[in-house]
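Asker: Residues per chain are reported as follows:
2 protein chains.
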Amino acid sequence: MTVLTEPSIAALQNVATQLRIDSILSTTEAGSGHPTSCMSAAEIMATLFFAEMRYDARNPKHADNDRFVLSKGHAAPILYAAWAAAGAFPRDEVLKLRELTSDLEGHPTPRLPFVDVATGSLGQGLAAGVGIALNARRIDSDYRTYVLLGDGESAEGSVWEAAQVGAFHHLDNLCAITDVNGFGQSRATQFDHHVDEFVRRWEAFGWHAVAIDGHDMDAILKALAAARATRGRPTMIVAHTLKGKGVSIFENKDGWHGKPLKKGAETDQAIAELERAMVPTSDPAPVIPKPARRQAEGVLPDFTTAMPVPGYKPGEMVATREAYGAALVALGAIDRRIVALDADVKNSTFSEKFEKAYPDRFYQTFIAEQAMIGTAMGLASRGAIPFPSSFACFLERGSDFIRMAGISMLNVKLAGSHAGVSIGEDGPSQMALEDLAMMRGVPNATVLYPCDGVSTERLMALAASTSGPVYVRITRPKTPVIYNTSDRFVAGGSKTLRQSNDDAVTVVAAGITVFEALAAYDQLQREGIAIRVIDAYSIQPIDQAGLVAAGRATNGCIVTVEDHYAHGGLGDGVAEAVWDQGFIVRRLAVREIPRSGPSEELLDRYGISARAIVDAVRALVARTHTMKVAPSHR
Amino acid sequence: MTVLTEPSIAALQNVATQLRIDSILSTTEAGSGHPTSCMSAAEIMATLFFAEMRYDARNPKHADNDRFVLSKGHAAPILYAAWAAAGAFPRDEVLKLRELTSDLEGHPTPRLPFVDVATGSLGQGLAAGVGIALNARRIDSDYRTYVLLGDGESAEGSVWEAAQVGAFHHLDNLCAITDVNGFGQSRATQFDHHVDEFVRRWEAFGWHAVAIDGHDMDAILKALAAARATRGRPTMIVAHTLKGKGVSIFENKDGWHGKPLKKGAETDQAIAELERAMVPTSDPAPVIPKPARRQAEGVLPDFTTAMPVPGYKPGEMVATREAYGAALVALGAIDRRIVALDADVKNSTFSEKFEKAYPDRFYQTFIAEQAMIGTAMGLASRGAIPFPSSFACFLERGSDFIRMAGISMLNVKLAGSHAGVSIGEDGPSQMALEDLAMMRGVPNATVLYPCDGVSTERLMALAASTSGPVYVRITRPKTPVIYNTSDRFVAGGSKTLRQSNDDAVTVVAAGITVFEALAAYDQLQREGIAIRVIDAYSIQPIDQAGLVAAGRATNGCIVTVEDHYAHGGLGDGVAEAVWDQGFIVRRLAVREIPRSGPSEELLDRYGISARAIVDAVRALVARTHTMKVAPSHR
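Note that the protein sequences, when read in sequence, are chains A and B. Counting the first sequence from 1 gives a position; the working numbering is that position plus 78. Counting the second sequence from 1 gives a position; the working numbering is that position plus 78.
It is worth saying that the hints were derived from the structure and are not from the lab. The beta carbon of each residue, even a glycine, is placed where N, CA and C say it ideally should be. Heads up, a few of these hints could be off.
[Said to hold, decoys possible] Here's a subset of chain A near chain B, in silico, CB distances under 10 angstroms, partners left out:
(1) Asn137
(2) Thr179
(3) Ala196
(4) Gly230
(5) Ala421
(6) Val423
(7) Phe479
(8) Val668
[Stated by the list, open to error] Computed footprint of chain B on chain A; a stretch qualifies when at least three of its residues, placed anywhere within it, have a C-beta under 8 angstroms from a C-beta of chain B:
(9) 88-100
(10) 238-248
(11) 273-283
(12) 312-321
(13) 677-684
[To be verified] Computed spacing ranges between beta-carbons, pair by pair:
(14) B/Lys139 <-> A/Glu344: 41 to 47 angstroms
(15) B/Asp413 <-> A/Lys340: 39 to 45 angstroms
(16) A/Pro676 <-> B/Ser578: 53 to 59 angstroms
(17) B/His248 <-> A/Gly333: 23 to 29 angstroms
Use the sequences and the hints to build the structure in full.
Answerer: In structure tokens form, the structure reads like this:
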């Protein structure tokens with residue numbers, strides 16, 4: 079443990095007052111923001127940043143910096159004020175808060191180098207903190223992780239998921255603080271200032287918990303020291319505070335959430351009051367200790383070339399979920415930054431293969447998908463390449479975490495198994511039919527959908543090598559290997575599996591429906607109708623040029639077929655890719671709540687089987703013949 | 079409290095054994111399912127169904143029946159066995175488990191009359207139970223609500239959200255049981271058989287909690303009686319059980335989750351073992367007491383005709399979120415079944431207006447959106463028409479609950495405010511840009527998107543009158559009233575706001591972008607270009623006929639514009655509606671992670687402003703002129 083310099087309480091108190099002043103000035107200038115939520119946290123922030131944490135403010139990405147996550151992201155102005163005071167950027171820039179040209183956004187995002195994960199959707203910061211603390215173990219660093227939560231956000235279940243995971247992994251390098259100012263947005267919180275309600279809960283969840291006066295510097299320092307001395311479990315410091323503390327206009331008053339002071343007299347009065355709170359002192363300003371220099375982890379390998387050639391033979395039956403597990407092991411052998419997370423379905427997703435090979439890089443969160451994804455976000459923010467996986471439908475439990483992972487531009491590689499009605503008898507609660515829409519709704523996410531063992535291996539390497547969030551959709555039933563080990567797969571690519579000069583319609587499939595499309599091809603071939611069959615393994619980005627060319631070559635007629643609802647999936651993606659071509663795009667997709675039943679029966683009943691494709695192609699061919707129109711000539 | 083008959087322990091034990099036998103037989107016949115998860119719960123189920131609960135098995139919808147929610151939905155076979163034993167349907171039907179033609183699905187859904195909410199996505203049942211228990215208060219009934227949870231699913235944060243809400247509302251008519259069999263799907267749970275870990279957590283969360291041997295009928299009966307006697311708080315019975323109990327092949331063995339016994343010797347051996355466990359007794363079979371008859375709540379009014387005429391004047395500036403609050407109050411005046419729920423943003427969504435008018439029908443869950451939606455599901459399952467609302471992006475926190483509300487076919491009326499970049503400075507974490515995709519991904523959901531005060535009132539009445547899940551998307555900034563109070567709005571309708579015989583392009587907008595489209599109309603008018611402007615207030619179902627007709631009248635050229643990401647929203651909906659027309663559909667939508675900034679600047683920067691519409695129309699007009707093609711004549 080680095081020896082920390084010990085600034086005087088007076089000097090720290092003045093820092094706290096300065097942070098308050100800057101939070102008032104920046105929100106007044108912006109005309110919006112949450113000054114009262116900053117005021118309650120000023121002593122906590124001053125103490126953490128200037129008497130506890132060890133970091134290089136000029137090099138916020140330093141691997142051994144202590145880390146701070148502002149889970150109550152609406153207190154962004156005081157976060158910015160603290161980093162400015164620490165020297166990360168000039169103090170007067172805080173006045174650009176919330177301007178379109180400034181990275182000092184309304185809530186923190188990693189556009190700022192000192193922000194690891196975006197916050198502002200409440201209740202997410204602690205899971206990220208768990209991941210960041212686990213990362214310290216991964217890189218064998220003694221950095222500590224601090225997370226500041228609000229009392230209101232502690233009602234989010236995700237907080238208690240993170241609490242469990244932090245306790246299960248004995249994260250004594252993690253220290254959280256709850257700012258119990260007693261007010262939510264619209265009313266008093268359910269526990270008001272009863273800090274014992276929080277202490278009881280955190281202790282029950284296996285944490286070291288202590289209640290303090292959150293405006294008493296000495297108490298904060300002692301609690302932080304006790305946290306450092308605690309072994310085998312994380313610490314929660316429950317801080318009794320006053321919302322708006324230090325400014326009599328709104329101190330401890332309801333109805334002031336998210337409201338800045340008015341420019342002019344109101345702000346002037348507040349600033350004058352705060353300036354009067356400055357303590358005359360000749361004590362030296364606090365000095366922030368820096369971590370020791372150490373090797374960075376180095377440039378990432380190109381996983382697409384480093385992966386061994388897949389061992390699958392053409393025709394071999396293998397579920398893509400099983401190939402996923404095998405590919406994860408292969409990736410793990412290439413670089414130690416590859417880690418995996420599971421929410422108690424490792425035997426279904428086959429991530430258990432990775433656990434067996436690399437138990438120290440496998441993190442179990444039990445049935446807590448939000449915590450799994452949030453922990454992955456934290457790990458990714460510190461350089462790991464995490465692969466959290468579950469049933470695809472249960473990833474939807476973490477939909478809002480995935481949204482924030484996108485905003486955070488993090489290298490989280492999600493895999494969802496048991497996609498679609500093809501899972502069969504378990505029924506609709508276990509079938510993901512919205513996951514492509516969810517993941518395509520992350521603008522910077524890459525969405526990949528292998529159909530066989532070879533493409534799974536190749537796309538997993540692509541996932542590891544692609545920057546930003548990636549989603550790999552995998553399937554429950556076994557499918558035959560159709561690709562050769564020499565086939566190449568790229569983001570934005572597709573594979574044309576069947577084609578001729580006489581193709582009447584293009585059929586675009588992905589995953590399990592590729593095999594329905596191939597069966598439809600055979601049947602239609604016997605009827606004298608040729609179709610082009612495309613495997614759109616890259617759902618986002620999609621192969622726009624390839625789809626346009628295929629559509630033009632097939633009378634402007636495209637049929638898409640997906641084991642997913644009609645909304646937001648493959649069909650919509652294909653339709654948008656060809657939007658300016660005047661094509662006809664018929665989407666075959668699930669259009670009602672499905673039932674339990676055998677996989678093949680369900681594919682047929684919900685209109686995504688070979689039979690359904692054949693029917694759709696026949697109808698389009700009949701129509702094209704009748705209308706004598708070739709849209710491809712437009 | 080109804081006097082319960084007291085069957086003998088021996089008779090109850092034989093019921094438990096019969097439930098075990100039926101669970102084995104049905105899963106063996108199906109060739110899949112979770113028999114071991116049924117075995118651990120057999121004594122609990124037998125006791126609840128035949129010695130505790132009061133219900134009419136032939137009339138499972140009876141308003142005063144005690145209610146049971148199987149949160150560990152994978153134990154469906156024993157639920158079905160229990161209802162069959164109670165007389166709800168013939169016992170031999172359990173052998174149709176998981177067949178496509180049977181409603182006895184892999185996990186329970188309300189296709190079955192005795193199932194209130196679909197379960198199987200773990201951790202959701204308790205929130206539904208909270209809603210069902212709150213409903214007892216609403217209708218002044220003494221029915222009690224029972225929820226059976228698994229130990230594994232207790233890792234879901236949603237369980238702890240529900241725990242908080244149940245304690246906050248002092249639901250002493252709610253009794254939950256945790257089946258602590260120690261095994262999850264893929265491994266031992268984090269707490270194994272340490273029931274004290276559960277008791278400590280539930281007590282900390284304000285529940286009456288007691289640990290028992292879950293295979294000891296007498297202990298179960300005593301714990302249930304203690305729950306009935308507890309005042310002011312709900313009860314959690316923590317039951318130590320063995321997974322696979324009673325069948326030596328898999329009793330208390332890992333690796334048996336979700337695996338049926340093999341047909342033949344394996345099953346025969348298990349059945350023989352269970353049959354030997356039958357206790358010879360002449361005690362009478364248990365008798366289930368029925369609740370007293372009472373008035374049903376009656377047929378719902380037609381809210382669309384019962385709502386008073388909106389009081390807004392043309393041109394009046396009113397935010398649709400404010401109109402939402404006012405409409406909620408008006409609906410509440412029409413029928414007591416209208417209730418509202420909030421997750422601490424009532425002053426932003428204006429649901430606080432409803433709280434002021436009808437405090438006894440307003441339920442606060444604090445910042446716990448999963449619990450808010452789950453509680454609404456429970457209320458809806460018992461006849462209420464709940465309107466849970468929050469910032470639209472935070473509804474995504476409950477994405478998986480919304481998915482299950484769709485599977486449950488429940489009357490939950492969600493409203494999401496602060497949609498899109500138009501919220502301005504708060505930044506991307508507060509902007510919903512995926513909510514239309516999420517809600518369109520519920521096949522039986524109606525998605526409505528008003529743009530002004532009048533349409534908000536009308537669409538709220540439509541929401542209340544429409545069966546199944548409904549989503550109303552509302553906006554932060556004020557917009558001018560453009561509709562007359564006599565205008566009518568229907569699901570699947572749209573409003574053509576501008577049209578002429580010379581329209582070159584159809585512009586389809588909704589919500590905030592309606593006003594951008596109208597501004598674009600004015601500007602293009604000055605350039606001599608006429609456009610048709612459509613307000614697609616009904617996003618799902620969408621006005622297919624109207625869109626096709628408009629597209630045909632405007633050279634097959636459509637521009638859509640939405641304050642939402644490009645995926646899964648209005649543009650995709652319009653494109654699919656006109657899929658067979660060969661139209662060109664240009665989607666204007668947000669296509670990157672947005673920043674903080676003023677509302678108008680963001681609309682423009684992300685390409686959904688009047689200027690962007692003008693540019694898109696100009697480009698299409700130029701193209702149409704060049705190509706001399708009129709796709710509408712195809």
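Asker: Give me the numbers of the hints this structure contradicts, sorted from smallest to largest.
Answerer: Numbers 1, 9, 12, 14, in rising order.
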